[in-house]
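Student: Protein chains in written order, with our numbering: chain Y, 3 to 412; chain B, 3 to 412.
Accuracy of the hints is not assured; some may be wrong.
[Unchecked claim] List time: in silico BS3-like cross-link candidates among lysine-lysine, alpha-carbon distance up to 30 Å:
| no. | chain 1 | residue 1 | chain 2 | residue 2 |
| --- | --- | --- | --- | --- |
| 1 | Y | K54 | B | K168 |
| 2 | B | K168 | B | K105 |
| 3 | Y | K89 | B | K54 |
| 4 | B | K89 | B | K57 |
Think of the hints as simulated: they come from the structure by calculation, not from any bench.
These are the residues of each chain, in order.
There are 2 protein chains.
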Amino acid sequence: MALIVQKYGGTSMGSVERIEHVARKVAGFRQQGHQVVVVVSAMSGETDRLLKLAKSISPRGNPREFDQIAATGEQASIALLALSLEKCGVAAKSYTGWQVPIKTDSAHMKARIQDIDGSRLRADLDAGIVPVVAGFQGIDESSGSVSTLGRGGSDTTGVALAAALKADECQIYTDVDGVYTTDPRVEPKARRLDKITFEEMLELASLGSKVLQIRSVEFAGKYKVPLRVLSTFVDGPGTLITLEESTVEDALISGIAFNRDEAQLTVAGVPDRPGIAAAILGPIGDANVEVDMIVQNVGADGTTDFTYTVHRNDFDRALEISRKLAGELGAKGVNTATDIVKVSLVGVGMRSHAGIASKMFTALAGAGINIRMISTSEIKVSVVIEEMYLELAVRTLHKAFGLEQAPSVA
Amino acid sequence: MALIVQKYGGTSMGSVERIEHVARKVAGFRQQGHQVVVVVSAMSGETDRLLKLAKSISPRGNPREFDQIAATGEQASIALLALSLEKCGVAAKSYTGWQVPIKTDSAHMKARIQDIDGSRLRADLDAGIVPVVAGFQGIDESSGSVSTLGRGGSDTTGVALAAALKADECQIYTDVDGVYTTDPRVEPKARRLDKITFEEMLELASLGSKVLQIRSVEFAGKYKVPLRVLSTFVDGPGTLITLEESTVEDALISGIAFNRDEAQLTVAGVPDRPGIAAAILGPIGDANVEVDMIVQNVGADGTTDFTYTVHRNDFDRALEISRKLAGELGAKGVNTATDIVKVSLVGVGMRSHAGIASKMFTALAGAGINIRMISTSEIKVSVVIEEMYLELAVRTLHKAFGLEQAPSVA
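Can you build the whole structure from these sequences, using the hints too?
Tutor: Encoded structure:
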């Protein structure tokens, strides 16, 4: 008998029929003798509908009131699932964030969980009751206000509850059946991974694999909560995100991530002196533009080219600021590209294998793909290429690193 | 400067435009220097939508979960109004039932308010903030569960808050501009009353004038909260429900109420012995059928006819039970009528005027209307007549008692 926290997202809760499907799944786990805590999101589309209503009145109104209205989406879905579980013969009880309580800080719309009092949930579990907890929300105890954790916050709620209750596993149910070596829509030979490390998952999540919300992965890693991604609709083992440093699959590379929403800006011919990076990025940060890659090569003739990428939505703002700066700094000008993408190889195995990057560049060159920028970390290599080569690059790398086949056990 | 509690119903909150209209009204009161607490219902149709969703899963599920989902309707509307007020330059803060807190008993879906802690709202008022409170809901502190007060409960919330805060007036905004001498759709000459006593309002409310929820009127009378009914959409003084025993308008009759949903059952030829009324009504009550009028005349030849009326929805059930009983009691049979209505004259003035009833019967006879049943209380006379005569009866009585003209001040 294990204690399992299961999180079901908005798609899994998208209709009465789907809620009843979730109830039957939970009932199945109860019948196997497991203790289950369920965390749910709002029915799909509901949070958007509510926030749209609020924004139609006041686009930049008091975030406290946005949270007050947004939190109703989960409050409805927990009640519906509790009713559905009882209909399946499973004793259940719904909990809003404040009823648990899940205590957060005061940062409305992006609150962070500070503490969870698990005593009520534990009493329910001991009494054979399945607690159904609203994801995404909590209470700011200093003011008594309802808070929300921001998009994808239900994953974080699930992981935080699993940590607080010392659960054996946190299962995140979604509409895909696990984490893949890359996006199967781009490379049909993409393969589901049985296991992946937290670090790899973090890199994959931040690089555009939208399976798990990044903060929940950090949280799970920090509190050592075994995390599993599974499909609500198709039975299977899913992908376990594991604490083990080296996985049984002793692969060099776990997966290929990519991000289509990049735009590149290069401040060319900047005087090469200390503080220049800060001088360029400071105003960008002040304008709340998030910078992704940053590349600066060693300069020649006393100047250097400083390149960074941003989300395409922020491109116009970043360009305006950079042009102004270029003038002030005496740079030659600003070059840009918006038809670019980032492709990244991720794997803990590359730490000890120097050849990964060069193998990657060779494979891309062999396919005639020009690399515009390169950036590396301990467990990933990212390149920026022209958007038209994205699919070709992903398939080329997937094949070059043999990702379509599971590595043989060492 | 007065402290006013204003309650706006679902129709007043029915759209973003209407919510903004309400915000402007509240802003107007603030500009006049008044302190305002606003109580709102869910946007019209929302509570029904939510309960329908819950019922589609489990028609008779745990009432706690029904309350959990139903309460989200008001939680959304308080946030929307608070945002709208801030947009109008009025500092505002939304409160769910548990945030006030409004403490209730544990009777889910029909909870009663037990205590209101007004300290947070008072602090807001002192700071120039308009608290926007969710109607219809509270918290059962013994379990920490969300509770709801049942249909029309937002009126009760408004009155209870006014009592707790010792407000100068509780204003109930609705889609009519006050209480009328009778339904203007039936008698176009119906006149808005400037004042009416609580007792009269109670009789009018219970007899079918759906302006105010009956429990809120009882509550207002008990806690001596001056109550005013006004229109959200048309400016005007509305109708004040007053504590004064005799109003300035020293009228005999305040209004004419009627109820179309009556059905009559007569158990004929029942042996006339003690306990017979209980024997007939006991099983009806056990079946959760609410009985309205009860008439039993003195018997002749050792038997009597026992007549009662029920809501038409309950007619079939009542008939089945009564037929069974008639057999057991040795009665002659059960006669019924479903095409009947009840028309009632209401007025505190009739206490001291014996002639009201006979004047009523004379007027109806003059119009050729046959009276099937009569029932009287201290401040009302009700008759049951055939449904086809309803409009004629109301207009005849309205004229006979001179209700189209305001009485001259004594």
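Student: K89(B) and K57(B) were given as a pair; does the straight-line alpha-carbon distance stay at or below 30 Å?
Tutor: Cα-Cα ~37 Å, so violated.
Student: For the pair we were handed, K168(B) and K105(B), check the Cα-Cα distance against 30 Å.
Tutor: holds (18 Å)
Student: When you check the alpha-carbon spacing of K89(Y) and K54(B), does it fall within 30 Å?
Tutor: This hinted pair holds, its Cα atoms lying about 16 Å apart.
Student: So if I understand the rule, the pair passes when the alpha-carbon distance is 30 Å or less; does K54(Y) with K168(B) pass?
Tutor: Not satisfied, since the Cα-Cα distance of roughly 37 Å exceeds 30 Å.
In this structure, the hints that do not hold are numbers 1, 4, in rising order.
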